[in-house]
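The opening position of the sequence shown corresponds to residue 8 in the numbering used here, with each subsequent residue numbered one higher.
Simulated from the structure, these hints should not be mistaken for lab results. One or more hints might be untrue.
[As the list claims (entries may be wrong)] List time: in silico DSSO-like cross-link candidates among lysine-lysine, alpha-carbon distance up to 27 Å:
| id | residue 1 | residue 2 |
| --- | --- | --- |
| 1 | Lys98 | Lys115 |
| 2 | Lys109 | Lys88 |
| 3 | Lys110 | Lys98 |
| 4 | Lys157 | Lys109 |
| 5 | Lys163 | Lys93 |
| 6 | Lys150 | Lys87 |
| 7 | Lys58 | Lys157 |
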Amino acid sequence: TIGDGEVVGLLGPNGAGKSTTMNIICGCISPTSGNASVCGFDVLENPAAVKSRIGYLPENPPLYFDMTVGEYLDFVYDLKKVNADKETHLKRIMERVQIYDKKDRLIKNLSKGYRQRVSIAQALVGDPKVHIFDEPTVGLDPKQIIEIRKLIGALKHEHTIILSTHILQEVNAVCSSVAVINKGKLAATGSVSDFTASEGTVNKFII
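All chains should be modelled from the sequences, with the hints used to inform the complete structure.
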């Protein structure tokens, strides 16, 4: 169970089941057992209600490289059937992730860091209550990692965030609590301080 406004880090080695868990919550795949719900809606019984409340950043974001940043977010806005003034809504999001000055640039001409910002922007379209970020800083350089972490940190006051990673430092930087997943099972949960005091605390669950 994740409370309103929490930032939970799904921590675990590659192949532990982090992405699978996120895909189940988002309704991309069906669970083989158990159940999941978002804001009181079951992911299988009310998939549309769940998806309308989630902003999802997959590990490999579905960007259209031949679109400009503005065209792509306009496209996402229409797909999500957002009930808000389009120009005002999208401008606010682009300014928040600091890509408004790139709105007329083709996505294929952006750096990887800016592409990741565009990917986060599409997750914010529609102002969903819950954000799910799968390895949001993978492949970025140190400066870009710091910038993305700051951006996620700025969101946590208004949204519930689930963040997957296998990097303990990432959890320490942006999360308020931790869920350790290993071999498809929940191995441990607790506050960030419980796990960052010693890497051995985490290692005993994942080795």
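Structure-based check of each hint:
Between Lys98 and Lys115 the CA atoms are separated by roughly 21 Å; this keeps the pair inside 27 Å, and the hint holds. Pair hint Lys109 plus Lys88 holds up; C-alpha atoms about 24 Å apart against a cutoff of 27 Å. The hinted pair formed by Lys110 and Lys98 meets the criterion: a straight-line CA distance of about 9 Å does not exceed 27 Å. A distance of roughly 19 Å separates the Cα atoms of Lys157 and Lys109; the hinted pair therefore holds under the 27 Å criterion.
A hinted pair counts as satisfied when its Cα atoms are at most 27 Å apart, and Lys163 with Lys93 qualifies at roughly 24 Å. Our distance criterion of 27 Å between C-alpha atoms is broken by Lys150 and Lys87, whose separation comes to about 32 Å. For the given pair, Lys58 sits about 25 Å from Lys157 by alpha-carbon distance, which is consistent with the 27 Å threshold.
Consistency note: the structure conflicts with earlier hint 6 alone.
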